[in-house]
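Use these hints to put chain B onto chain A, whose structure you have.
There are 2 protein chains.
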Amino acid sequence: MSLIECVPNVSEGRRPQVIRACADAITAAGATLLDQTSDPDHNRSVFTFAGSEGVVRAAVHALVDVALGTIDLRAHSGVHPRMGAVDVIPFVPLGGTSLDACVRIAREMGAELAERHDLPIFLYEAAASAPHRRGLEHVRRGQFEGLAAKLLGPEWAPDFGPAAPHPSGGATAVGARHPLIAFNVNLATDRLEVAKAVAAAVRESSGGLPCVKALGLPLAVRGVVQVSMNLTNFRTTSMERAFVAVRDAAKGFGVEVLESEVIGLVPAEALASAGASAIRLPAFRPDMLLEVRLLSRPAIR
Amino acid sequence: MSLIECVPNVSEGRRPQVIRACADAITAAGATLLDQTSDPDHNRSVFTFAGSEGVVRAAVHALVDVALGTIDLRAHSGVHPRMGAVDVIPFVPLGGTSLDACVRIAREMGAELAERHDLPIFLYEAAASAPHRRGLEHVRRGQFEGLAAKLLGPEWAPDFGPAAPHPSGGATAVGARHPLIAFNVNLATDRLEVAKAVAAAVRESSGGLPCVKALGLPLAVRGVVQVSMNLTNFRTTSMERAFVAVRDAAKGFGVEVLESEVIGLVPAEALASAGASAIRLPAFRPDMLLEVRLLSRPAIR
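Keeping their order, the protein sequence lines are chains A and B.
Per the numbering used here, numbering of the first sequence is gapless, rising by one per residue and ending at 301.
Per the numbering used here, numbering of the second sequence is gapless, rising by one per residue and ending at 301.
Chain A on its own, in the form it takes in the complex (with noise of 0.2 angstroms):
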């Protein structure tokens, strides 16, 4: 069984009918919803599900029917930028599943999207068909309300659908990316600037681990600061390198670590590696865990 995980984000986190029945489009289609938020400020929900292609394809189409029917963005307010109703849609490769399989159903499911809804589509990540519309926050930049514009000039064309807004819908970022890990650790100071140099040091953007994006926050409740970080390829950078290169240059200010946390879902393979490595597992492979294994099989049911 080729296994995707999916993370639809919608523009809509106010009304609790509408919600509840984008969940329910996805499970009725057979997926299974693993985690789902909203956020009345963003005006946002977040859905994570996983199927295989066939139930998961089935479940981005019951979805966007559910919230192009429901969600109008021309009524929208939200502190998070948008540009769609459905507003961005991607693919990620679990247990077996390779990322080219992902791009190829980001490809696909756009044509469909765009096809069905009149909507147009931006590919991004990497399903994007050029590379100055792999970063979401370039694709999106405009929003809802400059989109008419954005949308004819020439490098802004859809990759899909007409060069013009979906009325109330507006437009579909579809991509496929690996799985993203939000790993946070805490440092024991309430000094906020060794925080953001900690994670200037960590970060890509300025030199730092490949694939790493870090934030220093701090956390006023708790009176000790963050190194708030996406890892967006774990096997490229591991939790287990940023953990030791957050711990490293906290120590050359003389900061202990306090202790690191995880925001939602993690794969497995990312932390079990970690675990691999600090029993001396030079033989680990991800299919020696027994729910990667049963996971890559087919008929579970």
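No wet-lab data here; the hints were simulated from the structure.
None of the values given here were measured: they were computed from a predicted structure.
From the three backbone atoms N, C-alpha and C, an ideal C-beta is built for every residue, glycine too.
Don't take every hint at face value.
Ranges of calculated distance between the beta carbons of each label pair, as one might list FRET restraints [said to hold, decoys possible]:
1. B:Asp35 / A:Glu256: 41 to 51 angstroms
2. B:Asp248 / A:Asp248: 22 to 32 angstroms
3. A:Leu219 / B:Asp287: 16 to 26 angstroms
4. A:Val244 / B:Asp248: 19 to 29 angstroms
5. B:Gln36 / A:Phe253: 48 to 58 angstroms
6. A:Asp24 / B:Asp248: 47 to 57 angstroms
7. A:Pro218 / B:Arg280: 19 to 29 angstroms
8. A:Glu259 / B:Pro218: 56 to 66 angstroms
9. A:Ala220 / B:Ala182: 45 to 55 angstroms
10. A:Gln17 / B:Ala182: 50 to 60 angstroms
11. B:Glu204 / A:Arg285: 53 to 63 angstroms
12. B:Gly69 / A:Asp24: 15 to 25 angstroms
13. B:Asp248 / A:Glu256: 48 to 58 angstroms
14. B:Ala188 / A:Thr236: 26 to 36 angstroms
The following block gives chain B in isolation, referenced to the frame of chain A:
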């Protein structure tokens, strides 16, 4: 979904068509066959499969039907101890399933198999009906050839079924246990006495770590020695704790650890919790692992 692993041992390791029929019975019932090993000297095959409770129960019934119909212990030879055509059927909890659930399933399946086949059933390990019946080595002592006499004594009346062997199929042990991890640590020495002393230091039976069995073995080809362990409950004694105990005991002899190895499959939780220690993640819980969460939810299609 209540996810169960089952690891039946069948007394046939030579006739490929019988072994194949056993495997086919398991998969035709909808279970996922994770691993399969056959040994002609042992004249024995071990099948590892998993699925929901209903699927696993159906697969066990299908397997026992095939095995009792094709294997005759009156004509069986092999170096591994055995008392039944289907010798032993352990049920193992995976994901969010409890050991208690597997004890219930073992008892219900024992009653069903006894009724269906007029087969004596001994419950063992966590499902045992008395302390002297917990250990499989005690249940199986006397083997098929001593079974008729053994069943007549009051201490070994079967838990279900007649107090006489099945003519060709003998008797079957049905039980429940935690996942077992076959975990070996290789030492940078050829001195077997060091491996034996380290094994004695870490195993439960000589006052070491709970739920650890250990032997010192030579790895002749490599010219080193190995501490070969079974961890019978990795939540009681973790892989990490067993590794550190071996490393420290070896250090007492001035010997370093070369590396460790795992035979077969390992629950993701067991390696991931070692990883969580390595990156100081105190809030680690198995259900933050994506695959564990996925398998604990209904409907993977």
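Verification of the hints:
no.: 1; hint: B:Asp35 / A:Glu256: 41 to 51 angstroms; verdict: holds (44 angstroms)
no.: 2; hint: B:Asp248 / A:Asp248: 22 to 32 angstroms; verdict: holds (26 angstroms)
no.: 3; hint: A:Leu219 / B:Asp287: 16 to 26 angstroms; verdict: holds (24 angstroms)
no.: 4; hint: A:Val244 / B:Asp248: 19 to 29 angstroms; verdict: holds (23 angstroms)
no.: 5; hint: B:Gln36 / A:Phe253: 48 to 58 angstroms; verdict: holds (55 angstroms)
no.: 6; hint: A:Asp24 / B:Asp248: 47 to 57 angstroms; verdict: holds (55 angstroms)
no.: 7; hint: A:Pro218 / B:Arg280: 19 to 29 angstroms; verdict: holds (20 angstroms)
no.: 8; hint: A:Glu259 / B:Pro218: 56 to 66 angstroms; verdict: violated (42 angstroms)
no.: 9; hint: A:Ala220 / B:Ala182: 45 to 55 angstroms; verdict: holds (48 angstroms)
no.: 10; hint: A:Gln17 / B:Ala182: 50 to 60 angstroms; verdict: holds (52 angstroms)
no.: 11; hint: B:Glu204 / A:Arg285: 53 to 63 angstroms; verdict: violated (29 angstroms)
no.: 12; hint: B:Gly69 / A:Asp24: 15 to 25 angstroms; verdict: violated (47 angstroms)
no.: 13; hint: B:Asp248 / A:Glu256: 48 to 58 angstroms; verdict: violated (25 angstroms)
no.: 14; hint: B:Ala188 / A:Thr236: 26 to 36 angstroms; verdict: holds (32 angstroms)
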